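Novice: Keeping their order, the protein sequence lines are chains A and B. Residues 1 to 351, numbered by the working numbering, are exactly what the first sequence covers, in order. Residues 1 to 83, numbered by the working numbering, are exactly what the second sequence covers, in order.
Please keep in mind that the hints were generated in silico from the structure rather than gathered at the bench. Only a predicted model underlies this, so the values are computations on that prediction, with no experimental measurement involved. Just so it is clear, CB atoms sit at the ideal spot from N, CA and C, and this is done for glycine as well. Please note: incorrect hints may appear among the correct ones.
Restraint-style ranges between C-beta atoms, simulated for each label pair [claimed, not checked]: (1) B:25 x A:151: 39 to 45 Å; (2) A:215 x B:36: 31 to 37 Å; (3) B:54 x A:232: 53 to 59 Å; (4) B:63 x A:230: 42 to 48 Å; (5) B:57 x A:238: 34 to 40 Å.
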Amino acid sequence: MSYAQKFNPSDAILEHIADAHEFHFLTFHKKVVSIPLPVILYSKDNGWSIFMSSRFGHGETTYDGYRLLEGSYVAENKLDPNVFKTGKIYAVDAEGKPQSYANVRVYDLSLGRNAVQVLISVLILIWIMGGVAGKYKTGQGIKSAPTGMQNAVEPVITFIRDDVGKPNLGDRYERFMPLLLSIFFFILINSLLSLIPGTANVAGNIAFTAMLGIVAFFAIMFNTNKHYWLHIIWPPVPHGVKPIMWPVELLGIFTKPFALIIRLFANMISGHVIILSFIILIFIFGAMNTALGWGTSPFFIALAVFIYLIEILVAFIQAYIFAALTAVFIGMASEGGHGDHGGEHEDAVMV
Amino acid sequence: MTLMTTLLDALQPGYGAIGAGLAAVGAGIGIGQIGKGAVEAIARQPEASNDIRANMILTAALVEGVALLAAVAGLLAVFAKAA
């Protein structure tokens with residue numbers, strides 16, 4: 001299998017969906033088109049170092065006692081790939097040999113492309129929502145017809161209020177609308193931004209989705225009431241079943257946000273991996289036989305475009321699902337007792 | 001004996017792929033049945049199609065979440081260096 005030694009598909013895929021120190025758009029005949037990002041490092045010996053990642057020259061040069069390891073460097077110098085991981089920054093000693101983290105611990109606090117893209121999407125969100133809110137404050141859209149961005153945003157907000165907030169949360173929906181709207185638009189804008197070629201795969205990063213899941217977990221926990229805990233401790237089931245229900249219910253408190261985390265993470269990362277796999281399949285075929293690579297490329301590119309369109313739909317659906325399930329869990333945690341609903345239904349008159 | 005050790009040692013990443021494929025089968029069966037029930041319900045009462053569609057998407061996302069849990073486990077098996 002000689003063709004697979006030089007070009008490792010799984011490494012190429014992982015490199016595209018992992019975090020990096022630059023926005024890498026393309027590499028054309030050894031010229032690299034990329035946007036460097038700030039690198040912020042701390043180690044006991046060198047103290048704080050802040051510089052742009054362009055100083056590293058894409059892994060070619062050592063700067064300020066640090067080196068960014070590329071795959072080719074690790075392979076050429078026969079370094080242990082488990083200790084020296086590609087894409088990470090290591091301190092170098094006087095001869096220029098990288099030091100493992102066991103010898104010199106480097107704390108990498110740099111603004112990678114995931115962090116910068118999250119900040120960009122926050123700015124976009126504030127710009128859109130701030131503009132729309134300002135327009136509503138001056139009466140535009142209330143006393144007269146909505147204009148501009150209001151036309152796009154108002155149906156979405158009404159949809160979240162009427163189909164996500166009111167059915168699940170009843171009369172209390174207004175308190176939770178900021179949370180649900182923030183979750184929906186934040187996930188949506190981040191997922192749509194990460195579909196642009198060259199940007200980072202933010203929602204496919206477990207730290208990003210875990211943060212959203214923890215926010216949802218605290219939102220659920222801060223809105224529980226007595227009936228919720230009563231049902232967990234003393235569920236209305238036969239006595240023999242109660243000991244089985246206790247661990248199930250206690251675990252259920254944590255598995256519900258955990259499923260939210262994993263669902264968003266796996267959907268986003270699998271979408272990107274599928275698109276990348278189709279493109280890389282062209283290169284795998286091309287390494288075997290150049291004509292085969294050129295010949296199958298229109299087919300795979302068409303498939304990749306088709307999956308791209310599905311990914312746009314998945315971005316909307318996953319944002320909606322996260323917000324809707326958070327609303328469902330908050331509603332379940334704070335619903336009233338079942339005795340209240342007993343007297344509502346009039347019995348049908350039997351003639 | 002040697003066949004068993006070969007199967008167990010040499011094909012570690014393959015088992016992750018088989019697991020992920022089984023997860024896809026599970027997701028396909030589950031979401032297919034959700035779609036079947038939703039389409040039949042819309043055929044019986046076309047006026048309720050908006051409510052039915054919303055519930056269908058919600059339930060499909062729940063089922064897909066479980067299947068993707070298995071797919072993530074398969075992904076971890078593929079990318080973990082053989083222990």
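Novice: Each hint needs a verdict: does it hold in this structure or not?
Specialist: We went through each hint and held it up to the structure:
1. Against the hinted window of 39 to 45 Å, the Cβ-Cβ separation of residue 25 of chain B and residue 151 of chain A comes to about 43 Å, which satisfies the hint.
2. Distance hint check: the CB atoms of residue 215 of chain A and residue 36 of chain B are about 36 Å apart, consistent with the given range 31 to 37 Å.
3. The hinted range of 53 to 59 Å is not satisfied by residue 54 of chain B and residue 232 of chain A, whose Cβ atoms lie roughly 29 Å apart.
4. Distance hint check for residue 63 of chain B and residue 230 of chain A: the Cβ-Cβ separation is about 30 Å, which falls outside the suggested range of 42 to 48 Å.
5. A hinted range of 34 to 40 Å holds for the C-beta pair residue 57 of chain B and residue 238 of chain A, which are about 35 Å apart.
Hint compliance for this structure: hints 3, 4 are broken, all remaining hints hold.
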